[in-house]
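Now that you have both chains on their own, put them together as the hints suggest.
Below are the chains, spelled out letter by letter.
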Amino acid sequence: MSWQDFVTISPLVAGILTAAAILVVDLIQPARSAIAVATALIGLGITAALTLIVGLNPASAFDGSYTVDALTTFLDILFISIIAMTIVFGPDYLVPRNLPVAEFATILVFAMTGAMLIAASTDLLVLFLGLELMVLPGYLLAGFHKTDGNSTEGAIKYFLLGSFSSAIFLFGLAFVWGLTGTTRVDEVAGALAAVVAGAAPLSPGLAMGLAFMTTGVAFKVAAVPFHYWTPDAYQGSPTPITGYLSVLPKVGAFALILRLFVEALGPLSDWWLPVMIVLAAATMTLGNLVALTQDNVKRMLAYSSIAHTGYMLVGLAAWAGDPSGRIDGIEALLFYGAAYAFMNLGAFAVVAALQKRTGVTSSLATFAGLGRREPMLGILMTLFLLSLTGIPPTAGFFAKANIIIAAVQAGGPLTILAVIVVLNAAAAAFYYLRVVVYMFMRESATETPALRHGALLWSGLAAATALTILLGFFPSALLEAAGRAAQALVPG
Amino acid sequence: MDISSIPLLSAIVFLPLVGAILVGFASASVARPLALFFALLTWVASLLLLIGYLPDRPGFQYVETVEWIPFFGIQYKLGADGLAVLLVVLTTTLSWISILASFKPIQTRIKEYMISFLVLEVGMIGVFLALDTFLFYIFWEIVLVPMYLIIGIWGGANRIYATIKFVLYTLVGSLLMLVAILATAYAYQAGHDGSWVGAFDFETLRVYAGTGGFSNGLQIGAFLAFFLAFAIKVPMFPFHTWLPDAHTEAPTAGSVILAAVMLKLGAYGFIRFAVPLFPAAAQTFAPAIIVLSLIAIIYGAIVALVQPDLKRLVAYSSVSHMGFVTLGIFVFTEQGLQGAVLQMINHGLITGALFLLVGVIYERTHDRTIAKMSGLSARTPVYAAIFGFFVFASGGLPGLSGFVGEFLVLVGTFAANPYAAAVATVVMILAAAYLLYMYQRIVFGEVSDFLAGLGGRLTDISPVEILTLAPLGGLVVIFGIQPGLLLNLFGGTVRETLDAVRPAAPIEIPSPVVVGLVALAVAGVVARTGWAIMRPSAESSTGLEPDPRGAH
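Going down the list, the protein sequences come from chains A and B.
Each residue of the first sequence is one higher than the one before, starting from 1 at the first, in this note's numbering.
Each residue of the second sequence is one higher than the one before, starting from 493 at the first, in this note's numbering.
Here chain B stands alone, though its shape is the one from the complex (with noise of 0.2 angstroms):
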C-alpha cells in the first residue's frame, strides 16, 4: 500500500481536536484523562509519521492535498520534510508533558483548561505541517487565543497584563505577515498570467523564488514583514520584551509550551518561508540579523545574570538560547543551520524541563524568588539532583544535548564570520554563569528560614513529576551523544534551504560593530563580578528584592 494514501498528517492535526470536542462533552471529571489520552493519541501518531519517514528521499512526504478556496487557488495542503517531522513530534511530546504536568497546579475550570491545550496543540502541529502560506497563517494564528486564554485564565497575578502585551506583539507581526503573503501570492499570480494557481502553495513559491521570479522590491517588504512575525515570536532582540512577561504569568505548563514549542514557530518560519522565498533579502538583512542574533545572546545572558525570580531567569536565558538559533540560520553554512535546528529541538527539551522544575518548586513554595531559597539539596535531594542535570545540560556541557547545538552553531558561525564567533563564545561562559551561579544558590548552603518555615509541605519530587522530566532528559542524553540521529533526519532540509540562498561570500559585519558587542559583553561580565566581589553578602540578601517577610 502507498504510504501518502493514508492522511496520517490530517490524522495528526486534527486529533487533538477531537480530543477538544469530546472534553467539551464529558464531565469535569474525565477531562484531564480524556484530554491526557488525546494528547498521547496524537504522540504515537506522531511516532509513526516519525518512523515512516524516509529521511533519503527528498521534497516533502505525506503530502496531502485538497482544494479549499479555489477562488484564490489556496489549499489545504500539508506536507513533512525531516524539520517538520522533528518539530511535530517535539510539539506532540511536551504536549502530553505539559497536560501530565497540569492535572495537579490547574485546579480551576479543567474543561476549558484542557479544550485550550488541545487546540493549541492543533495550531502548533498545523503551523509545521501546512505547505500552504495562507493554511499557514490561519494555524499561526489560531495558535495565538488558546495561549492567551492559558496564560489570562489560569496565569499569575499580572496575567491579564501579560497576556495582552503577549497578544498585541504577536498581533502587530502577523498581521503584517499576512499582507506579506497575499502581497507574494500577489506577485504570482500577476507573473503567472493572473492565474491564481499556486499562488499560495509553498513548493511552487519556492521553485518560483528560485528562478528569480519575485522582485527585489518585494523581497525586501516581505522579507522585513516575515521578520518582524518570527522576531517577535522567536523571540529576537529588541522584540523580546514580551517574553519575560508572558513566561512568568503563564502558568507552569503555559510556560512550558511557550519556550518549547511556540519560540520554535518563529525560528521554523525563517528556515521554510522567510530564507528560501525571499533569499537575496535574506542575503541583504543577514549581517543585520546576525548582530541583533549577537545582541539577544548577550542581553539575554546578562539580563538573566541578575533576575531575582527563577522563571524570569530561564524566560531570559531562553532569549539568549533562541539567539544562537537565530545566528545558526543566518551565517548561511551547513553546520551553522545544523546547528540552529538542533538548538531548536534541545532548547524545547531543556527549556521545557526547566520550566517544569521551576513550576514543581512553586507548587510548594508558591514563591519563586531565588533569593528566599537555599539549601534545596537537604529538604529535596532527588530534585535537586534533576535540576542540577538539566541546569548543565542548558549550560552547554559536552555530552548533553544542549553543547552540540551551540558548538555547531559556533563553528558554523567561524566559517562565515569569526568575530561572530569570537562573541558568541564569550557568552557560553556567561550561560555557565548565570545557570550556575542561580543553583548555588537555591540548592546548596544552609536551609532558608523561608524553606524551613514550609515544614512538611516541602516535599520531594513526586513520581509523577518525575515521570514527566524523564523522556526530556532521557532525550537529553541521547541526542547530546549521539546528535547524529537526528541530523540524518533533517539533512535534507538544511541542504534544500541552503541551496536557496547559496551564499556568495563570507558575511561581513563592520569592525566597529564587532568590537562594540565584545566591550557589551565584556562590560556586561566585569560589571557582574564586580558586583558580586563588592557585595559579598549577595548570598544571603540578593538585595535586588526586598523581601517582606524577611525584612523584620
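Excised from the complex, chain A in its bound form (with noise of 0.2 angstroms):
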C-alpha cells in the first residue's frame, strides 16, 4: 500500500466524502434542500474533476485489485452525471411530499461510489464489495417514502430479490475461485484460458459457478426470466428514485458484466454466448411485450427498462459471437449505456414534475392534455419517448443503430437478433408513442391547472434533453471514449 494507491483510489475518496459532507451540512443547516443539493453538487464535479485527472495516467492499486483505465473513467464519469441528474430532479418531488432531500442525495452518493468501485474493480472480491455498496443504498430509496404502502412493499421486494440474487452470485464467485485458486480477474481469466485451450480439465463446479454468476448477474439487470422485481419496485418508488433505479443500478450491473463476462470469464465466451443470445432476445421481446399493456406510465417505463436491458445484452452478445473479436459490441453496450441514461432519466423526470402535486398517479390519463396544458412539458416528453424508441435524430437512435452494426458484423445467429432488436424497436413504438396521443391527441378529462417547476427541474431537462439530442447529431465524441474504454477492457 503506497500513496501512489490512494492517489488512484482519490476519485472514490471525494465521492464518499462528498457524501459525508452532505450530511454534516444538514446537520448545520437542517432541512435546507438548495444547500443540500449545492454541496453535493459541487462535491460531485470535485469528483469528476478528479475522475478526469486520474484517468490520465492508467494505474491500478492495491496489488492490481483497483484498476484505473478509459473504461473505469468512461463509467465514473457516466455514474456522476447520473447522479448529479438524480439529485438535481429530487427536491421538485421531494419537498412537497415532506421527504428528506439531504437523505436522499446522501444514499444516492454512496451508491454511486459503489458503481465506481464496480467499474475499477479487477478483483472478484472487490467487485462483489462494490456491487453490494451500490443496491444497498437502493433498497433504502425504493422505500424512502415510508408512509407510502407501495413504496414499502416495492421495497421489501426489491430487497428480498436482491440480497437473493447477491447470495447466488457470491455462492457462484465461490465456485469460481475454489477451483482457479485466485479471486484476480486477470488470473481467473488465464486459469480459464487454459481449460478452454485444453491443458486443464473443465470441472462441473466451475460450470456450476458460471451458471449461478450468470443468474446473480441476470437479476441484477433485471433480464427475463429474473425481472420480476423490477415493475413492484419501480412502481412503488418515489418517482425520481425509479428513474434512478431504472439507470444507474442497471448500468453499474453492466459495468459489472464488462468486468466479470468480458475480463475474467472471456475465455469462456463460447459457452456463455448462447445462453446470452437467449437472455437478450426473451429480454426485450417479454419486456416490450408485457409494457404493450400497461396504463401505468411508470410501470410501462419499468417494463420497457426491461426491454433496454436486452438491447444492450445484444452488444454484449455481438462482442462474444464475433469470429474476429472485434470490440465493437461493447463501444455498442456503453454508448447505449449513456444514453439510455439520459433519455430515461429525461422521461422519469417529468412524470415527476406531473406528480408534484401529491396525490396525482402517473396513469396514462394524467397525461391527457399535457400538450395543451404544459406544452414546454409535452415537447421534452415527447423528444424522450422519440429517443427511446429509436427514432432519428437523437441518442436512442444512434444507440441503437450502433447496436445492431456490431451485431450485424458479428453475423451468423446475432443477425438475427438484429433483426429481432428493429422488431422489438417497432413494437415498443407503440407504447412510446400512446403516451404522446395522450399528451397531445387527448383532452384532459377534469380541469387541471398547469403546475410551477423549479429552476432545478428545468436546468436537469435542460441538461437531459441537451444530450440527448447532441448525441443524436453528433455522436462521435462520446463514440471515440466508448471505444477508448472498449479498447481498455479488450486490448485488441
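It is possible that part of the hints are untrue.
Here are the simulated distance ranges between beta carbons [claimed, not checked]:
#, chain 1, residue 1, chain 2, residue 2, range
1, B, Leu977, A, Phe430, 41 to 47 angstroms
2, B, Leu660, A, Gly149, 50 to 56 angstroms
3, A, Ala445, B, Pro963, 42 to 48 angstroms
Just so you know, the hints here were simulated from the structure itself, not pulled from any lab data.
A virtual CB, placed ideally from N, CA and C, is assigned to each residue, including glycine.
Below, the structure is given as C-alpha cells:
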C-alpha cells in the first residue's frame, strides 16, 4: 500500500467525502434542500475532476485489485452525471411530500461510489463489494416514502430478491475461486484460458459457478426471466428514485458484466454466448410485450427498461459472437448505456414533474391534454419518448444503430438478433407513442391547472434534452470515448 | 463562380426548419403567413435548383459533403440528379399549396400545425437529396413524426387508430431497412480491409455494387428489407391497408402531402437505392413485384369502384395508380422507367388536386359520402368544372399529363411482357369507370336533399382555393402536351438505373398467374356492371352505407 494507491482511488474517496459532507451540512443547516443540493453538486464536480485527472494515467492499485483505465473513467463520469441529474430532479418531487432531500442525496452518492468501485475493480471480491455498496442504498431509496404502502412493499420485494441474487452471485464466485484458486480477474482469465485450451479439465463445479454468476447478474440487470422484482419496485418507489433505479443500478450491473464476463470469463465466451443470445432475445421481447399492456406510465417505463436491458445484452453477445474479436459490441453497449441513462432520466423527470402535486398518479390519464396544459413538458417528453423508441436524430437512435451494426458485423445468429432488435423497436413505438397520443391528441377529463416547476427541474431537463439531442447529431465524441474504454477492457 | 460552391441543397433542406423555429417563437397570429412565406421561399430556392441544373451532365450535381461521423465513415452528403430535382420541386410546390390550403380548415393549434408541416417538408426534401444511406434513413424517419402528429391531432374522428397504424406499418418496414443499410455498409467495409470510408456513400456503394461486390445472399436479404420499407410506403398490395385509413382521417393538406409526396418516397427509394445497389436481387424478384403491381392496379381500381366515401375512393385510386409506378420500374425497360417517373410526378399533381377538391367540398358539407351529394353542378358550377378537369386527368385522358405516364408504362411493359401490359390496359377502363361513375353521381342529377339543406353554406369554390389548384392544373396541361420537358431532366437517371440492372431477357411471368389476373380483372368488371344493372336505383341510394339522416 503506497501513497500512489491513494492517489489512484482518490475519486472514490472524494465521492464518499461528498456523501459525508452533505450529511454534515444537513446537520448544520437542517432541511435546507438548496444547500444540500449545492453541496452535492460541488462534491460531484470535484469527484468528476479528480476522475478525469486520475484517468490521464492508467494505473492499478492495491496489488492490482483496483484499476483505473479508460473504461473506469468512462463509466465513472457516466455514474457521476446520472447521480447529479437525479439529485437535481429530486427536490421538486420530495419537498411537497416532506421527504428529506439531504438524505436522498447522501444515499445516492453512496450508491454512486459503489458503482465506481465496480467500474474499477479487477478482483472478484472487490467487484462483489462494489455491487453490494451500489445496491444497498437502492433498497433504502425504494422504501424512501416510509408512509406509503406501495413504496414499502416495493422496497421489501426489491430487498429480498436483491439479497437473494447477491447470495447466488456470491455462491458462484466462491466456486470460481475454489476451482481457479484466485480472485484476481486476470488470473481467473488465465486459468480459464488454460481450460479452454484443453490444458486443464473443466470441472462441473466451475460450470456451476458460471451458471450461478450468470443468474445473479441476470437478476441485477433485470433480464428475463429474472425480472419479476422490477415493476413492483419501480412502481412503488417515489418517481425520481424510480428513474434512478432504472438507470444507475442497471448501468452499474453492466459495468460488472463487462469486468466479469468480458475480462474474467472472456475465454469462456463460446460457452456463455448462447445463454446471452437467448437472454437478450427473451428480455427485449418479453419486456416490450408486457409494456404494451400497461396503462401506468411508470410501470410501462419499468417494463420498457427491461427491454432496453435486452438491447444492451445484444451488444455483449455481439462482442462474444464476433469471430474476429472486434470490440464494436462493447463499444455499442457503452454508448447505449450513456444514451439510455439520459433519455430515461429525462422521461422519468417529466413524470415526476407531473406528480409534483401529491396524489397525482402516473396513469396514462394524467398525461391527457398535457401538450396543451404544459406544452414545454409535453414537447420534452415527446423528445425523450422518441429517443427511447429510437427515432433519429436522437441519442436513442444512434445507440440502437450501433448495437445493430455490431450484431450485423458478428453475423450468424447475431444477424437474427439484430432483426429481433428492430422488430422490438417497432413494437416499442406503439406504447411510447401512446403517451404522445394522450399528451397531444386527447383532452384531459378534468380541468387541471398547470403546475409551477422549480429552476432545478428545468435545468436538469435542459441537460437531459441537450444530451439526448447532441448525442443524436454528434455521436462521434462519445463513440470515441466508448471505443477507448472498450479498447482498455479488451486490448485487441 | 463555380455553382457547386453555394450550398444550395442545404439551404433548400433547412429553410423550412428555419421557418419552423421562427414560427415556434412567433405569436400564433402570424404563424400562417410566416409558414407560407418560408414554404414559398423554399419553393423559389428549389426553382433556382431546377434552373441551374444541367441535364446533360451525368452524375450528381450541387454535391455537398461534410464528414459527420468519421468513426463509421458516415457523411452529411447531399446531391441532386434530374429525378431528385423534379421530386424536390414537386415537394416544395405542394408544400406551399398545402399550407395555403390549410389556412381555413385548421383553426386549432395553428402554430404546432405549421411547425409540423415545415418539419415534414425538411424530411421529405432530405430524403430526395441524401446521398449517404445513413443520412437517407434519418430523413426517412424524420418524415414519420410530423405526419404522425398531423393525422393524430388534426385528423378526423378515427384519427388515433389511423395514425398509430400508419406509424407502426411504416416503422416496421423502415427499421428493417436500417438493418439492411448497416449490413450493406458492413459488407462494403469487410471488402475494403475494415475501412469504413465510403461504406455509407451512395455513389461509392453503387460503383461497388456494379462490380458485383455484394454477395447474392446479402443482396437478397437487403433487397427484401428495402423492398418491405418502400413497398409499405408506396404502398404496394398487400401492404397498402394503412393508406385508406390514414388518408381518410388526415386533414386535407395531410392527405395531399401523403398522396402527392410521401408515396413517392417509396418509389424513389426503389429507383435510387433498391435497384442500383442490389441489381441481381432486383431481377430475381422482378416477376413477383410485377405481379404484385398488377394486383395493386386491379385491386385498387375495383375497390375504388365501390367506395361510398369520396376520400377513400381517391385513396384507393392511389393504390391503383401507384401500381403503375412499381410496374414501370420493375419491367426494366427505358419507356417503363420513364413512364414510372412521369406517373410519380403526375400522380402527385393530380391526386394532390383531387384531395384538395375533396377538402373543398368537405369544408362546406362536413361530409364526404358520395350518396349524399348529387347535383353539385347546379349549386357550384365552377367547382364542378375544375373537379371534372382533374377527374379526366386522373382517368388518363390523352392531352393531360395522367395519360403520358401510364401510356409509357404500358409501352415499356409490353416490351417486357405483353400479357402484363394487356392486364394493365384493361384496368385503365376500370379507372375511367370508377372516376366517371363517382363524378356523375355527385355532380349531375337533381340537387340532393342533403345539399339543398345546407342552403347558403354551400358556396362555390373560393379564389384562394382556386389559387391552390391553378398551378397544379397548369402543370397537368403543360406536362400532358410536352412531357419531353420532364423526360429531358431525368433521362440520365433512367439510363444509369437501367445500366445497373442490365436485364438479360424479357421478364417471364408464369402464364397461369397472368390468366388468373385477367380473370380477376374481368370478374371485377363483370361483378360491378352486373351489380349496377341489377340495382338500377343505386344512384338515389347506393345502399352501401346507411344514411342516418336519409332514413326517415
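| Which of the numbered hints above does this structure break? | Going through the list in order, the structure violates hint 2 alone and respects the others.
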